[in-house]
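Asks: Taken in sequence, the protein lines are chains A and B. Just so we're aligned: 158 in this note's numbering is position 158 of the first sequence, and the numbers increase by one with no gaps anywhere. So the mapping is simple: this note's numbering equals the position in the second sequence, first residue as 1, plus 1000.
Calculated from the structure, these hints are not laboratory results. Yeah, the Cβ is synthetic: ideal placement off N, Cα and C, and Gly gets one too. Wrong hints could be hidden among the right ones.
[Said to hold, decoys possible] Stretches of chain A that chain B covers, calculated by requiring three or more beta carbons in the stretch to come under 8 Å of a beta carbon on chain B: (1) 113-120; (2) 186-195; (3) 314-322.
[Claimed, not checked] With the C-beta cut set under 10 Å, the calculated list includes, among others, these residues of chain B facing chain A: (4) 1176; (5) 1340; (6) 1341.
[Unchecked claim] Far from chain A, some chain B residues (derived; all Cβ distances over 12 Å): (7) 1034; (8) 1056; (9) 1179; (10) 1199; (11) 1203; (12) 1211.
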Amino acid sequence: MATLEEKGQSASTERLKEFLREMLLIRRFEEKVEERFRAGELPGFLHVAIGQEAVAVGVCRALEEGDVIASTHRAHGHTIAKGTHPNEVMAELYGKVEGTSHGYGGSMHLYDVERGNLGANAVVGGGLPGIVGAALAFKLRGEPRVAVAFFGDGATNIGTFHESLNLAQLWMVPAVFVCENNRYAESTPAKQHLPIEDMTKRAEAYGMTSMAVDGQDVEAVYEAARKALKQARDGRGPVFVVADCVRLSGHYVGDPQVYRPKEEILELRKSRDPIELLRARLELADEDWEEMDREATRIAEDSVEFAKKGTDPRPEDALKNVYA
Amino acid sequence: MAQVLPAEHDVRRIIGDGDGVADGEVEGLDDAALLDLYRAMVLLRTYDERSVVYHSQGRVGTYAIFWGHEAIQAGSALALADEDWIFPSYRESAIGLLRGMTPETVLSWWRGHPAGWWNPREFRIASITVPIATHVPHAVGYAWGARLKGESACALVYFGDGATSEGAFHEGANFAAVMRAPVVLLCNNNQWAISTPLSAQTRAEFLADKAAGYGMPGVRVDGGDVLAVYQATSEALARARAGHGPTFVEALTYRCAPHVTADDPTAYWDAQRVERERENECLGRYDRYLRRLGVLSDELAEDARDDALERMKSGIAAAEALPPPDPEVVFASAYVDPPPTLREG
Ligand SMILES: Cc1ncc(C[n+]2csc(CCOP(=O)(O)OP(=O)(O)O)c2C)c(N)n1
Ligand SMILES: [Mg+2]
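Just chain A, same shape as in the assembly:
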């Protein structure tokens, strides 16, 4: 018979494998997005979150039924992690009616309200006020739900960040603010746009609880998110979570990244890839890994097939969803 400790370990190993599966799916999905964009099939402007999958998965796995999120311009990972099928995400990128926003939105306007995704947001810092509003509604209705905002380090320089955190703490609403601190705002490195080294210091201005976590370690993110969510859900006030992470890709698909030494990316890909780190930690057998990879690749490929077969919105419907 397995000891309790062993049982606990295998449960956590199983969970980590699930995390790995999901992170890998997001990775393969986004690689597909890059590929199809370069092939000229996807309109618009795209941001992938390659390297930041552990934050999306670690946080979203810690959520409970009924919790909501707001995402950013880098939204594919959050959206998939919150439960939207890759087919629907890809269809949206192809501008098809079968997409999450029926083809009207695209990459930076992925909404899935049914699954508690209050939307990607093209405007930096644009998601935070809505999350405070959602959390206030949960509080006023006495519902044990939490609203979570994702945003980057650059967004902490924006007025909406300040107004949102101040009000969230003042009203003690059940919100969690997750800063994906990849230390770049587009091409601007943190040392040129952040006046402080330790991002958690921002919370002091509001008297808010803060936590720092290694955003490349999905388990650490999961544990921190659970703690933060519990505090918020118990009515003990919002939490500012700073997940230090790395963007292993450009700011947007096609970004030549002239502002960043080539070696930096190569080095980070070798040492800080959250998927490789987890794979090594789980000591997966090669065939298990390959099996997982095949599955993720297949889902990503299928999503492209699904999207291509989708329906184009009709020009005469362009104004349909503009006004109530």
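Dock chain B with the ligands against the given chain A, drawing on the hints supplied.
Replies: Below, chain B with the ligands alone, put in the same frame as chain A:
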């Protein structure tokens, strides 16, 4: 990157209470400078009290009262060098009086007359800003520009406790810290934003703690103590001029007058607290301090008051003697090329 120091929580004071708390002093301030501060406070006080009277007589429009804020305004403005710029809110409308502006100009502003539109360059005082906190980024931009040009000028920006909840404050303060702009962020914490108390504004215990989020020093000072404000501002300016960037100064006071003449605070404030605060108002405190030092006599005090009253009298007379403005002036500086709809009208 600069190390983040926790903001100071102790409230700095220099003026004692004439009893158990001893008087301190500010190094470098001689008797003449002490009296300059006194005259500046008397001038502001007189301006404020006369304005409320003029308002009740229908001679100026709605007016933002600053009774009890004179120590903050005089203490900080007199710490500036001539080259430094001031960015006032509506609460510091008369700050120009301390730089040679006439009461006629300020009264004209409140009368809605173009004679009140001073040239910012002439006094190095930007326009009065009514939208809350929007002038914080302006001040920071000016200061950063001065730094880029290699000039030694600094900026001083005044805003209230309510303003610290605004996104514009955050963006301005953050940018100042990133760019090490030579600016002093002076928060007049009078504990009210119209009828909203500070407790309904933020859960941060001290506004000075806002500074930690930007990695800049935050200090708290007794806003009823003109010398403490003078000293804190001087230190912040010295830091700024030495290239070390901005400082957040929280000047604590309590607004014991209506927000503006259109306000009835009896609906929301604590009358007993107001009574107590009034007894301890800043001009009286400084007056007693100077008398304890033997610097101020009845004669000097009376002289300061008479001089201020005289200026107000001639100021309002001059403002009222101005011809009414041409209504066209409303459009004069709005467009280089007025749109057709305007031209037709
Ligand atoms: C952007 C903006 N929002 C609202 C107002 C209306 N308003 C005028 S004064 C004021 C209160 C400001 O309080 P505080 O910053 O504490 O300054 P105080 O008046 O106490 O000096 C408000 C909300 C405004 N002028 N501008
Ligand atoms: Mg106030």
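Asks: Taking the hints in turn, state whether each one holds.
Replies: Results for each hint:
1. 113-120: violated (count 0)
2. 186-195: The restraint on the stretch 186-195 of chain A holds, since 5 of its residues have a Cβ under 8 Å from chain B and three suffice.
3. 314-322: Violated, because only 0 residues of the stretch 314-322 of chain A bring their Cβ atoms closer than 8 Å to Cβ atoms of chain B.
4. 1176: 8 Å, holds
5. 1340: 29 Å, violated
6. 1341: This hint is violated: residue 1341 of chain B lies away from chain A, its Cβ roughly 27 Å from the closest one there, beyond 10 Å.
7. 1034: With a cut-off of 12 Å, residue 1034 of chain B remains clear of chain A, as the shortest Cβ separation is near 36 Å.
8. 1056: 37 Å, holds
9. 1179: 9 Å, violated
10. 1199: 9 Å, violated
11. 1203: 5 Å, violated
12. 1211: Nearest chain A Cβ is 8 Å from residue 1211 of chain B, so the label is violated.
Violated hints for the displayed structure, listed by number in ascending order: 1, 3, 5, 6, 9, 10, 11, 12.
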